[in-house]
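> So the protein lines, in turn, are chains A and B.
No gaps in the numbering here: position 24 of the first sequence is 24 in this note's numbering, and each next residue is one more.
No gaps in the numbering here: position 88 of the second sequence is 88 in this note's numbering, and each next residue is one more.
Source of the hints: derived by calculation from the structure; they are not laboratory data.
Note that this is a predicted model, so its numbers are computed, not measured.
Glycine included, C-beta positions come from ideal geometry on N, C-alpha and C.
Warning: the hint list may mix true and false statements.
Counterexamples of contact, computed for chain A against chain B with all Cβ distances above 12 Å [as the list claims (entries may be wrong)]: (1) R44; (2) S65; (3) K71; (4) K83; (5) N84; (6) C91; (7) G104; (8) S105.
Taking lysine to any residue and the SDA-like style, the derived pairs with C-alpha atoms no more than 25 Å apart in a straight line are [said to hold, decoys possible]: (9) A/K83 / A/T102; (10) A/K100 / B/K113; (11) A/K14 / A/N53; (12) A/K57 / B/Q14; (13) B/K113 / B/S69; (14) A/K100 / A/I60; (15) A/K14 / A/I51; (16) B/K15 / A/E62; (17) B/K113 / B/K68; (18) B/K42 / A/N53; (19) B/K68 / A/T110; (20) B/K113 / A/E24; (21) B/K58 / A/F88.
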Amino acid sequence: DGGITQSPKYLFRKEGQNVTLSCEQNLNHDAMYWYRQDPGQGLRLIYYSQIVNDFQKGDIAEGYSVSREKKESFPLTVTSAQKNPTAFYLCASSIRSTGKATFGSGTRLTVV
Amino acid sequence: QQQVKQSPQSLIVQKGGISIINCAYENTAFDYFPWYQQFPGKGPALLIAIRPDVSEKKEGRFTISFNKSAKQFSLHIMDSQPGDSATYFCAAGTLVAAGNKLTFGGGTRVLVKP
Chain A
1 DGGITQSPKY LFRKEGQNVT LSCEQNLNHD AMYWYRQDPG QGLRLIYYSQ
51 IVNDFQKGDI AEGYSVSREK KESFPLTVTS AQKNPTAFYL CASSIRSTGK
101 ATFGSGTRLT VV
Chain B
1 QQQVKQSPQS LIVQKGGISI INCAYENTAF DYFPWYQQFP GKGPALLIAI
51 RPDVSEKKEG RFTISFNKSA KQFSLHIMDS QPGDSATYFC AAGTLVAAGN
101 KLTFGGGTRV LVKP
């Protein structure tokens, strides 16, 4: 079945450490996105990519970095510069012409 | 700043009742308005979407009403069922420009009581 796989589902890291969240899709979608969701709040866009080797900052990119070396993969690194990294992170992909975004099941990151 | 404002934050409805969630947007360039349903611990799933060239779209028990002049759109869940208990997000985006990125409302937690 086609879909988006995020791993791991739960991630614990010590404060000051960088951590990378994985996102893989086999939907052949051109565009991929990373959103952050905090308890009781909506989704906020971190980074997005419309094509391989190209990506743009979203609304809350500070403290995060991404790469898009392959169409299928869009990993997100939460760096030590991110002041409040504990959150639920969601990856999504879409066909550019339709806008219909498909989401992964998310990674819950807890920094202790 | 592009914003989508969603209300209410939560609502409780009896089984068989109607759930109504409202959203308002500011950016007139938005031309795509989807609704997503999210269960705890899961990613959001697309429920229904509308373009601004129509005022209403219905899929099963779910209906979107769209008012372009007021820059508002709403989701109606008819004959609400306990399985509809979830958090619902409205969103807005542009299909042509800006990489199809969506701006989300704050979410509405719906509880359907049996």
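> Does each hint fit the structure? Answer for all of them.
Hint check:
At roughly 8 Å, the least C-beta separation between A/R44 and chain B is not larger than 12 Å, which violates its mark as non-interface. At roughly 18 Å from the closest C-beta of chain B, the C-beta of A/S65 stays outside 12 Å, upholding its exclusion from the interface. The claim that A/K71 is not at the interface with chain B holds, since no C-beta of that chain comes within 12 Å of its own (minimum 15 Å). With a closest Cβ-Cβ approach of about 21 Å to chain B, A/K83 is found to remain outside the 12 Å limit, as its non-interface label requires.
With a cut of 12 Å on Cβ distances, A/N84 stays outside the contact zone with chain B, its closest approach being about 18 Å. Non-interface call for A/C91 relative to chain B: violated, since the shortest CB-CB distance, roughly 8 Å, does not exceed 12 Å. Non-interface call for A/G104 relative to chain B: violated, since the shortest CB-CB distance, roughly 5 Å, does not exceed 12 Å. The Cβ of A/S105 does not lie farther than 12 Å from every Cβ of chain B; its closest approach is about 5 Å, which violates its non-interface assignment.
Distance hint between A/K83 and A/T102 is unfulfilled; the C-alpha atoms sit about 28 Å from each other, more than 25 Å. Between A/K100 and B/K113 the alpha-carbon distance is near 31 Å, which puts this suggested pair outside the 25 Å criterion. Restraint check for A/K14 and A/N53: the C-alpha separation of about 30 Å exceeds 25 Å, so the hint is violated. Between A/K57 and B/Q14 the alpha-carbon distance is near 42 Å, which puts this suggested pair outside the 25 Å criterion.
For the given pair, B/K113 sits about 35 Å from B/S69 by alpha-carbon distance, which is inconsistent with the 25 Å threshold. Under the criterion of a C-alpha separation no larger than 25 Å, the hint pairing A/K100 with A/I60 is consistent with the structure, at around 22 Å. Distance check on the hinted pair: A/K14 and A/I51 sit about 33 Å apart at the alpha-carbon level, beyond 25 Å; violated. The hinted pair formed by B/K15 and A/E62 fails the criterion: a straight-line CA distance of about 44 Å is larger than 25 Å.
Between B/K113 and B/K68, the direct Cα distance comes to roughly 33 Å. Violation of the 25 Å bound is thereby established for this hinted pair. Restraint check for B/K42 and A/N53: the C-alpha separation of about 29 Å exceeds 25 Å, so the hint is violated. Taken as a hint, the B/K68 and A/T110 pair is broken in the structure, with Cα atoms around 41 Å apart against an allowance of 25 Å. A distance of roughly 37 Å separates the Cα atoms of B/K113 and A/E24; the hinted pair therefore is violated under the 25 Å criterion.
Taking the CA atoms of B/K58 and A/F88, the gap is near 31 Å; set against the 25 Å cutoff, the hint is violated.
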